[in-house]
Amino acid sequence: MPSAAVLAPVALPLAAAAVIAIFGLAGFNLGRIAAAAGGWSVVATLLAIWLPVRSSLELTLGQLGYGSAFDLRIDGVTFAFGMMIALPAALLLTLQPRAWQEVVLSMLGLTAAMAAVEAGGVVLTAIAGGTAATIAMVLLDTEDPRARRPSWGLLLAGWLALTWVGVILQVGGGTAVYSAVPVATVTGPIFALVAASAVLASCLFPWRTWPAELWARPSLRAAGVTIATLYPLGFYLLVRAYELGDGHYPHPLFNVLLAVIGIAAAAAAAARAQAAATRREFLGEVIPGFGGFALTAIALGTALGLVAGLILLATASALVACLALLPDRAGIAPLLTIAAAVGLPPGIAFGARAIGIEATFEAGDFLGLIGVAAAAAWATWMVGGARAIGLPGGRGHPAAETFPRVSMLIAALTLISGPALAAIQFGFAAPVAAEVMPSSAGSLGGGLASVVTVSSVLPVVILFVPLLVIGVAIYASTGTSPIRTQARPALFKFPVGSASGRVWAGIRAATVPEQYRSILSVRELEAAAVGASPVLWLAALVALAFAVTR
Amino acid sequence: MPPDATEIIVFIALVLGFALAFAPAQSPRRSLLVRGGTGLAGTVAIAAVPTFDLAILVLLTLGVLHAAAGGKRAFAIRLRAPLLAVAMLALAVVLARVEGPVVLARFAAVGLVAGLAAGIGLLPYLHPFDADDAAASSPVAWIAFIGPVLAAVVVARAQGLLTADAGGAFGAMLIGLGLLNMAWGGIATWLTESTTAAWRYSFIADWGLALCGIGLTVSDGRRGALLVLLTIVLGRLPLYLVFRQAAAAKTATERPVNLVVAAMLAGSAPFAGFAARVLLLRGATQLYWPLALVLAAGMLLWLPGSLRLGRSIGAPRRRQALGVALMLAANIAAGLYPLPLLEAARL
Amino acid sequence: MVEAAAAFVAWLGVSMIVLADGRRGLGLGVALAGLGLAAIVFQGHGLVAAAALAVGAAIAAARRLVSGSAGWQIMPPGSTPRLVLCIGAGLLALWIGFGITTGTGAALRFAVMSVVGLAGARVLASDDPAVLLTAVALLALAIAAAAGLSHSAPGMWPYVAAGLIAAAVGWLPVRTPDAA
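Protein chains in written order, with this note's numbering: chain Y, 403 to 952; chain B, -7 to 339; chain F, -11 to 168.
One thing to keep in mind: the hints can contain errors.
[Claimed, not checked] Residues from chain B that face chain Y, not an exhaustive set, calculated with beta carbons under 7 Å:
no.	residue
1	Val102
2	Ala161
3	Val252
4	Arg274
5	Arg303
[Said to hold, decoys possible] Have a look at the derived ranges for each label pair, beta carbon to beta carbon:
no.	chain 1	residue 1	chain 2	residue 2	range
6	F	Val54	B	Pro93	40 to 48 Å
7	Y	Arg910	B	Val94	48 to 56 Å
8	Y	Arg910	B	Pro282	28 to 36 Å
9	B	Pro282	Y	Ala892	44 to 52 Å
10	Y	Gln465	F	Arg163	47 to 55 Å
11	Y	Ala941	B	Pro93	17 to 25 Å
12	Y	Ala929	F	Leu71	30 to 38 Å
13	B	Glu185	Y	Gly433	42 to 50 Å
14	Y	Ala501	B	Ala13	27 to 35 Å
15	B	Gln151	Y	Ala945	23 to 31 Å
16	Y	Ala945	B	Leu57	29 to 37 Å
Hints listed in this document are in silico derivations from the structure and should not be mistaken for laboratory results. The beta carbon of each residue, even a glycine, is placed where N, CA and C say it ideally should be.
In isolation and in its complexed conformation, chain Y is listed as follows (with noise of 0.2 Å):
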């Protein structure tokens, strides 16, 4: 395979996006085929590249200027990021209407996403996530300028100290690329932006942030596709972050911490989901919460622990997809949708958090306490989903955009897939533990039916098959009709929700003392400044003058 080939999944829908980019301009609206190829057309190439030989393929060109060369790779982890990437924005742009406007722009923020996932070094993930990041925020506000969006300044600030860590590495290692910097380099303080910019860039906090927020837009065409091109980007660093370290974080504290923020955004999530007024507002928490199991799991520092956190991130990108074309009425699509969502047996999710819980015991200490606190958030959900069957819809989204049987076959795969967890597991988890902890991955077994782990066997077939057949049995004999939405009460009330939001009320009214104004005044400030005043300016010279001296 020609290392050109690692172009292709940035190429295409770049190439994509210059033609509907063009038509559109001249008054032809390609439509949704030319959005489809863009899509499709990623993940065909990343298909066509990885499975044949299911090794790193690298390609190198000069120097770009800021002391980082043009570094593309496809290795498993590009892959296995790259289809979380690819695969929901593509059925969304296949099936969702779009104005050529937002075509354009989702394609690019596919092919700055991709970019993201393939760049060699850090320097070019923080430039190209950077990018994405704008874009985002620009195709979320040409669906609709007044709905909600991120917090540009918090993405910013995320891929901005990215930024100054690849550059910490090029002066104090010599180099920023993933699979070349001298360990040593990674210190604590590095990795503590490493992941403080993790953090930032997936807003994986325990309050409600645009994860949960976009989903209560008017319509989910750019809130998809947002989701699912911004939000494992950093999961994607904390991954790469285990590259750094060769398989290790600097330090076991940053694995616990990073763990304790994983599971207060998923209680935070399941807490804030059981109090939801709508299905609607449910369903918004979901992503969220299999983003806080997913850092749990992957912060352990285990492969076990990497596999079933990549696993749940894979759910959710299946989730976003399923999501985004829900419709808000009732019916059998919400109601598999929900069992997905919160991980009922036989799914694929379900399997994943109990192999993620797993982990948590088998790494010990402090960690196997958060492996209680995340068996509990996860009752939580279940609980809450139980409690969401029977809420309103919410208010509803354009009837075009909603593909109620695709959401239903999404949700219905991801329950019928638990079996083939070991499957998954092998062939689209492994490989990036091979990847990023080479000296612990071979840990990893059991094969295609089977999850080996320390201290057990989890044989996947033959304990989720029976589960699936029970499963369609109990369905077949029960129905939706005697379902009834209402307004249901909440099991228990958030009592920090309203109380930060007093807080925060209160600081943004807060004014400077009447007496103290005239000092503060930057009217006044700005008024002085600029009063070209020979006085001042003869002041700083001496200033200067003086400050030389010493």
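Dock chains B and F against the given chain Y, drawing on the hints supplied.
Coordinates of chains B and F only, in the frame set by chain Y:
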């Protein structure tokens, strides 16, 4: 002629062409051509003359011509800052050339820094500003048209004039002034009442970054500074001219193009401003990493003001829209692949 | 000795510009300062350079004599601070030029620093275009004279350019501020 000054001059000429080609039909093109052409000739002269004394004389001439050309402010007010710049640069040159105590060379560095700041119109030597002044008559002509070349020339000349000790003081003062202007410009862009003034402060913020880059004695700092100057000339200045048209029509919109423009002005990826920031962070990290932390934090100040400025250009139409699109495309190209620009400036 | 006298004349001329508001005072100031600078430059850099400065100053002085406020108006009421400035700047320039700095060309150093400093201060303090343009002319002459401090030969171009600027600046039409 310093290679970076040559490159900046080329881009200034491009911007003048942009202004003439994409200005609305009712714009006074002749006046723009005359004033712009004079300014361009002056900047070429500043860079091309063989001695620093001649460059200062050219600066003096430009200052007097610009002040005499008219505007909302009195001649005396318009003349003060450029003349102060000339006087300080001249005194600096004198102190650099005479023999005497070592501190004289440091005072020469003070004169060069203060003269440069006064010539461009940066804190603490802000030029008096009237929001109703035409673009060519306003301090923006100094800060965005003449200033970049002046900075390149002064820095190039300073290397020959100053001793190593004084050069260190020169760099340190530039960084100090740079941080001051970054902070002031970033906050003032966001909070000031007048949108025209906000644009002026946004230039000042960018100059803060450029000064920090020049003050960093490593090559990455100079590269970053050059890219910042190019974003001022090739990005911010053309958009300011578009804004002046929109301001006259009293239009401010919130369309996607406004957000893209805001992204460019904020130095987001993939625009040239982000590449400049990468280089500046590299330079600062090499020299003194806490400075990189301060720079990175300061870079976030661009965002709120940029959103405001992006809205203020309204919805460009027809020729103007094409001009804005070309400018954005050029910025993206420079942001993704700045190497040719840096090599052309021999950096 | 000649250089010292010429430097004193240059200081006297620029002080006249600081202290005078009328066109005769300004004209005399330009002439004196230009003469002083030309004399110093002649000692070090030959006739052409000195002639350029002298001719420029002469034309500037002639122009000033026919435009601006009438009369001399030397030391009008309230000009004590200006007088203090002239004396103080002169002493400072004297101290730096002859006391702190070393080497030949002390008179040139004194003359340049005092003319640049005082002309710059006059620009900052005045609103009258005639005064401002006169100060600009002197500033140009002083900058050219400072070229003589360089270790390498400056050539004649700085002097010629300064002479041209000094000669032409007096004819510059100054527009009044546009109406609001």
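The hints, checked one at a time:
The beta carbon of B:Val102 is positioned within 7 Å of a beta carbon in chain Y (closest approach about 5 Å), and the interface hint is therefore held. For B:Ala161, the interface hint holds, since its Cβ comes within 7 Å of a Cβ in chain Y; the closest pair sits about 5 Å apart. The interface hint given for B:Val252 is met, as the beta carbon of that residue sits about 6 Å from the closest beta carbon of chain Y, less than 7 Å. For B:Arg274, the interface hint holds, since its Cβ comes within 7 Å of a Cβ in chain Y; the closest pair sits about 4 Å apart.
Contact between B:Arg303 and chain Y, as hinted, is not supported at the beta carbon level, the nearest pair being about 10 Å apart and thus beyond 7 Å. Hint check: F:Val54 to B:Pro93, Cβ distance near 46 Å, so the stated range 40 to 48 Å holds. Remark: the range hint 48 to 56 Å for Y:Arg910 to B:Val94 is upheld by a beta-carbon distance near 54 Å. Our hint of 28 to 36 Å for Y:Arg910 and B:Pro282 holds, since their Cβ atoms are close to 31 Å apart.
For B:Pro282 and Y:Ala892, the hinted distance range of 44 to 52 Å is satisfied, since their beta carbons lie about 47 Å from each other. Checked against the given bound of 47 to 55 Å, the beta carbons of Y:Gln465 and F:Arg163, roughly 51 Å apart, stay inside it. In this structure the hint that Y:Ala941 and B:Pro93 lie 17 to 25 Å apart at CB holds, the actual value being about 24 Å. About 32 Å separates the C-beta atoms of Y:Ala929 and F:Leu71, a value consistent with the hinted range of 30 to 38 Å.
For B:Glu185 and Y:Gly433, the Cβ-Cβ distance of about 47 Å falls inside the hinted range of 42 to 50 Å, so the restraint holds. Our hint of 27 to 35 Å for Y:Ala501 and B:Ala13 holds, since their Cβ atoms are close to 30 Å apart. Distance hint check for B:Gln151 and Y:Ala945: the Cβ-Cβ separation is about 25 Å, which falls inside the suggested range of 23 to 31 Å. In this structure, Y:Ala945 and B:Leu57 meet the distance hint of 29 to 37 Å, their C-beta atoms being roughly 31 Å apart.
The structure does not agree with numbered hint 5 stated previously, though it agrees with all others.
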